[in-house]
Every structure is written in structure tokens, then in C-alpha cells.
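Undergrad: Turn these sequences into a full structure, and let the hints guide you.
Each chain, written out:
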Amino acid sequence: MTFDDLKAARPDLAFIAHWVQPGAHVLDVGCGDGVMMDYLQSDKGCSGYGLELADERVLASAKRGVRVLQQDFEKGLGIFGDDSFDTVLCLSSLQMMKHVEDLLRDIVRVGHEAIVSFPNFAYWPHRMALLKGRMPVSKTLPYQWYDTPNVRCATIEDFRELADEVGLEVMECVALAEGKIVSVLPNLRGELAVFRLRKKRST
Amino acid sequence: MAFAEPLQLQSGAVLRDYKLMYETYGTLNADRSNAVLVCHALNASHHVAGYYADDPKNVGWWDNMVGPGKPLDTNKFFVIGVNNLGSCFGSTGPMHVNPATGKPYGAAFPVVTVEDWVAAQALLADRLGIDQFAAVMGGSLGGMQALAWSIMFPERLRHCVVIASTPKLSAQNIAFNDVARQAILTDPDYRGGDFYEYGVVPKNGLKVARMIGHITYLSDDDMAEKFGRKLRGIVENGVAAQGKYKFGFGIDFEIESYLRYQGDKFSEYFDANTYLLITKALDYFDPARLHDGDLAKTLAGTRAKFFLASFTTDWRFSPERSREIVQALLCNRREVTYAEIDAPHGHDAFLLEDARYMNLVRAYYEQVWQEVQTKEGA
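So the protein sequences, as listed, match chains A and B. For the first sequence, numbering that gives the first Met the number 0 begins at 0 and goes up steadily by one. For the second sequence, numbering that gives the first Met the number 0 begins at 0 and goes up steadily by one.
Read the hints as simulated data drawn from the structure, not as lab findings. Don't take every hint at face value.
[What the hints assert, rightly or not] DSS-like mimics (lysine-lysine), calculated; alpha carbons at most 30 Å apart, straight line:
id, chain 1, residue 1, chain 2, residue 2
1, B, Lys56, B, Lys202
2, A, Lys6, A, Lys43
3, B, Lys225, B, Lys202
4, A, Lys74, B, Lys245
5, B, Lys69, A, Lys62
6, B, Lys229, B, Lys243
7, A, Lys198, B, Lys374
8, B, Lys243, A, Lys43
9, B, Lys374, A, Lys62
10, A, Lys74, B, Lys167
11, B, Lys69, B, Lys296
Treat the numbers as computed from the prediction; the structure is a model and nothing was measured.
TA: Shown next as C-alpha cells:
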């Protein structure tokens with residue numbers, strides 16, 4: 000899989016892929032159809048695993064040759080040792096987790112760096128919807144309130160606070176819209192929040 | 000295939016000469032890179048897939064998995080099934096003549112281990128001119144053999160496919176096996192293992208052993224759904240009466256009828272000494288024992304890529320046991336794919352049709368096949 004293939008399929012992942020070092024050992028928590036790991040393996044010489052729970056996604060990942068482990072990561076990453084990975088990815092999955100804080104702490108434990116993305120609840124159309132008295136429905140939150148798998152709604156500023164609390168230092172934080180960086184008013188104009196984080200150095 | 004060279008066994012005993020029954024499916028390619036060894040579990044044999052022209056009812060034990068167009072596609076791969084030593088389907092076993100005495104081995108057949116089987120399988124592979132398998136695969140006890148291959152002959156397999164297996168038996172597993180063995184050993188017809196000479200078979204012991212084993216292959220839910228507390232109908236004054244107890248020790252419940260039938264059927268074709276030997280091989284399997292119980296250290300020398308699958312309702316070799324293997328492989332940064340199939344059928348699920356399971360194995364072998372083709376092209 001080439002970079003152009005990835006960019007065409009998932010512009011957000013194409014942006015994030017730049018943050019993963021060539022040859023890195025990677026864990027993709029909630030790897031979906033495995034497209035990111037597929038790209039990182041074939042184009043950047045990375046190794047590692049994808050975690051998924053849903054049967055059809057495990058199959059889709061296996062079909063791509065991704066080393067996928069079927070596991071409910073809501074129960075943590077106990078199967079992995081400390082500092083096992085150069086980079087842990089958790090892309091557009093966090094908002095579906097019940098135990099966000101526990102998972103983040105585990106991500107800190109098993110990886111040196113982490114990249115986390117989630118739909119930015121403070122994206123202006125979402126704010127507009129709320130102002131009109133309705134729950135937001137958008138491309139990044141494409142569900143009605145009663146059928147959404149997203150149980151956690153956060154904004155860029157909210158996440159920054161939690162990251163600090165669980166021992167993660169924010170290296171970079173960008174807001175993306177259509178896969179491109181939003182530099183002016185990111186918490187308002189960005190639909191996807193992307194954080195590049197690393198373990199805080201213990202002092 | 001006959002082997003005239005003695006085989007040194009783990010126990011210290013030596014098999015002077017021996018025979019291994021095997022079957023092959025598909026065609027070995029020119030660079031001998033498409034061979035897959037399929038290892039059998041307790042009561043199966045080298046007859047993995049298909050059926051014989053003169054015996055169309057005798058379908059291979061993993062026919063839903065192996066064959067033309069099946070998940071392990073014999074149009075692509077050259078598949079080998081071997082009957083293990085000590086078994087009762089043609090390879091040298093306790094019912095065969097001991098060259099030292101001129102009489103059947105009986106209980107004198109040496110206790111064989113998973114590692115002994117794998118060593119013999121490797122000698123067979125030598126004879127067949129296969130230096131390296133594309134994959135070694137097995138379920139349950141067969142999975143233990145695949146795992147042992149990856150440890151004993153790391154360079155001789157590129158993929159290790161371990162289904163519904165475990166790195167070692169639990170105390171509960173061993174306990175069930177010992178009850179089964181006791182059933183056989185205490186059957187008067189067992190005659191210290193030399194029943195062949197007396198023209199008898201310890202059928203009752205074998206039957207009970209199989210009944211116990213069978214319970215552990217099924218899940219509680221599966222049994223409840225299939226049988227529940229359903230009663231066998233009885234005939235009263237020439238009229239079928241439903242739902243009545245018989246107030247005796249015959250068959251009241253359907254589950255009793257089913258298990259007894261399974262036990263009877265098994266005792267017709269299986270060998271009592273083989274049952275003892277194979278359950279002992281299960282009990283003894285514990286490769287980490289040589290590394291102070293450290294499975295990660297045990298698997299440090301492996302080179303294969305791994306595919307593991309377990310079944311959520313399997314309480315014999317539960318998903319936790321497969322996860323132990325996965326975890327040890329992760330410690331060593333081995334390439335591993337692991338699926339936990341939410342199937343209702345307990346341990347037996349590994350032999351049954353389940354689209355999720357079959358599709359995953361198919362997808363995995365598709366990757367193995369692509370590697371074989373790349374290798375051929377190189």
C-alpha cells in the first residue's frame with residue numbers, strides 16, 4: 000500500500016502516518032479494517048499489531064496481512080509488557096471507550112509515544128446544533144444520539160487536561176478538517192483532534 | 000512409510016523400528032515450498048480430508064477445513080496428514096508386534112510424548128524431501144504438536160497455526176484424563192494391557208473414558224440446548240409415554256443416551272492402550288518446564304509466524320490458555336495473529352463449521368500462499 004492509496008482512502012490517517020517513525024514497532028488500538036497498519040508495514044517498514052474486537056474487522060485486517068489480535072481493549076492492554084512499543088495508535092476509537100482513563104494509562108505504560116485522535120465535540124457545526132437545541136450529527140459524529148457508539152464526547156481542551164493527568168506530555172496537537180491542518184481557531188474549526196504524546200519524563 | 004533406524008524417545012526408551020501412516024493431498028511444487036503438515040488430536044488419524052473410493056462414508060476428520068477450495072486449499076498447498084506413533088490407525092502402536100518379544104506390545108509400548116511425535120514427523124518430512132513447511136497446523140493436541148514444531152525445529156516451518164490449544168494442561172485437564180485412564184485400567188478385560196492375547200477388548204472402560212472426554216468437548220450451553228432435560232420416550236402397554244421417569248438406572252435422559260451411544264461407537268474402533276498413551280502425552284506436554292515455567296523464554300528461539308484461534312465457550316482449553324501463548328510470543332516480538340471466536344460449541348468448535356473461523360483461516364492461508372508465490376518467483 001502506497002502513501003497515495005492511504006491518502007485517497009483516509010486523509011486523516013495519511014496525515015498521522017507522518018508522525019510514525021520508519022521501522023517503528025507499533026500497536027494500533029482499534030485498528031478497524033487494518034488500513035493504517037497495512038500502510039505502515041508496507042511503506043514504512045514498521046512492525047507490530049492491530050487490536051480489534053469486531054469479527055468483521057478482525058477478518059478485514061487479517062486479509063490485509065495485518066497481525067491482528069482479537070481482544071476487547073476495554074479490558075486493558077495487560078497482554079503487552081511495559082514499553083513494548085515505539086508508538087501506540089488510538090485513532091478514532093477513544094470516544095467509544097467506557098474506560099478512557101484506564102486505557103490511556105495503559106497506553107502510557109506499553110508505549111513510548113502515543114498518537115490519539117477523536118472527533119472534536121467543539122467543532123463549530125456541533126456547537127451550532129447544540130445552540131439550536133439538537134445533538135450534533137456530522138461527518139465525524141454520524142450518529143443519532145440514541146444509536147451512537149460514541150459514549151465519550153470531548154473537546155481538544157478537555158483531552159489536553161486528561162493527557163496531562165495520566166502522565167502524557169503533549170508533543171503536538173492539531174485539529175484536522177478534511178485531513179488538513181486547521182491552524183486558526185482549531186478547537187472551533189477542527190473536526191478531528193489529533194494528539195501526539197509521549198510519556199512525561201519522571202523528574 | 001517404514002523406518003528401520005531406531006527412534007530415541009524422551010522417556011529414554013527406544014523404538015527399534017516403526018511405521019508411520021500418512022496421507023497427502025494436493026501437489027508439492029517444484030521448490031517444495033507449499034507443504035503444510037496437519038497434526039491430529041486425540042482420536043483422529045492421518046485421514047484428514049476427503050474419502051476413499053471404496054469407503055465413501057469415511058470422511059476425513061478435518062474435511063471442512065482441508066480440501067480443494069477449502070480454507071486450507073489443496074489446489075494450492077501440498078497437505079500431509081500423519082498418524083502418530085502409539086495410535087491405532089496404522090502407525091506403529093501397542094497392537095503391533097514387539098520385535099523383542101514376538102507378541103503385541105500391549106502395555107509395554109513405550110510412553111510417547113508430543114515431542115517424540117514431532118521428531119518422528121520431522122523424519123517423515125526428511126524422507127519426503129521437505130526441508131521447510133509453509134505451515135504446521137493443528138487443533139487441540141494437534142496444536143501442541145504445531146507449537147512443539149516451532150520450538151524444536153524453528154527453521155523448518157514458516158507459519159505455525161495453533162487452534163484451541165494450550166501450552167500445558169491444567170490440574171483439571173489432567174484430572175479428567177486420569178479418570179478416563181482409570182476407567183480403562185480397572186476394566187477386567189484390560190488384562191494389564193495384554194488383552195489382545197485374550198481376544199477381548201476393555202470396551203466398558205473405553206466407553207466410560209470416551210463419555211468423560213466427550214463432556215469436556217461440549218459447552219454447558221450447547222448441551223443444554225441440544226439435550227436439556229429431555230427424556231427418552233418409553234413404551235407403556237404398547238403406547239408411547241412421554242415425560243415419565245423410569246425409576247431405574249437405565250436411560251432416562253437424552254444426554255445419557257447420546258453419551259452412551261458415543262461411548263459405544265468409540266469402543267468399537269479405538270484402542271484402549273492408545274487412549275492411555277495419548278492422554279499421557281497430553282498430560283506431559285509442558286515445553287516451558289525446561290525453562291522454569293517461563294513460556295516467553297521457551298518461545299524465544301521460534302522463528303515462525305503464528306496464527307492462533309480459541310473459542311469463547313471452550314472450557315477444556317479456554318481462550319486464556321491461548322492468550323498465554325500469544326502473550327509469550329508478544330514478549331518475543333513474534334508476528335502473531337489471534338482470533339477469539341464467539342462460538343457456542345465448546346472445545347469441539349475447532350472441528351465445526353463456523354463462517355468467522357473458517358474465513359479467518361482462509362484469509363491467513365491466502366497470505367501464506369502469497370508468500371509461497373513470491374518465493375517461487377524469486
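Undergrad: Can you confirm whether the C-alpha distance between Lys374 of chain B and Lys62 of chain A stays at or below 30 Å?
TA: With Cα atoms ~19 Å apart, Lys374 of chain B and Lys62 of chain A stay inside 30 Å; holds.
Undergrad: When you check the alpha-carbon spacing of Lys229 of chain B and Lys243 of chain B, does it fall within 30 Å?
TA: The given pair, whose Cα atoms are some 10 Å apart, holds under the 30 Å limit.
Undergrad: Quickly compare the C-alpha distance for Lys69 of chain B and Lys296 of chain B to 30 Å and report which way the hint goes.
TA: 35 Å, violated
Undergrad: Straight-line Cα separation of Lys198 of chain A and Lys374 of chain B no greater than 30 Å?
TA: It is violated: about 42 Å lies between the C-alpha atoms, which goes past 30 Å.
Undergrad: Given the hinted pair Lys74 of chain A and Lys167 of chain B, is their Cα-Cα distance within 30 Å?
TA: With a Cα-Cα distance of about 25 Å, the restraint between Lys74 of chain A and Lys167 of chain B holds, given a limit of 30 Å.
Undergrad: Against the 30 Å threshold, does the CA-CA distance of Lys56 of chain B and Lys202 of chain B hold or violate the hint?
TA: 24 Å, holds
Undergrad: Does the alpha-carbon distance linking Lys243 of chain B and Lys43 of chain A stay inside the 30 Å limit?
TA: 70 Å, violated
Undergrad: With the threshold set at 30 Å, check whether the alpha-carbon distance from Lys6 of chain A to Lys43 of chain A stays at or below it.
TA: 14 Å, holds
Undergrad: Taken at face value, is the distance from the CA of Lys202 of chain B to the CA of Lys225 of chain B at most 30 Å?
TA: 26 Å, holds
Undergrad: CA of Lys74 of chain A to CA of Lys245 of chain B, is that 30 Å or under?
TA: 49 Å, violated
Undergrad: For Lys69 of chain B and Lys62 of chain A, compute the direct alpha-carbon distance and say whether it is at most 30 Å.
TA: Roughly 16 Å between the alpha carbons, so the hint for Lys69 of chain B and Lys62 of chain A holds.
In summary, the structure is inconsistent with hints 4, 7, 8, 11 from the numbered list given earlier, while agreeing with the others.
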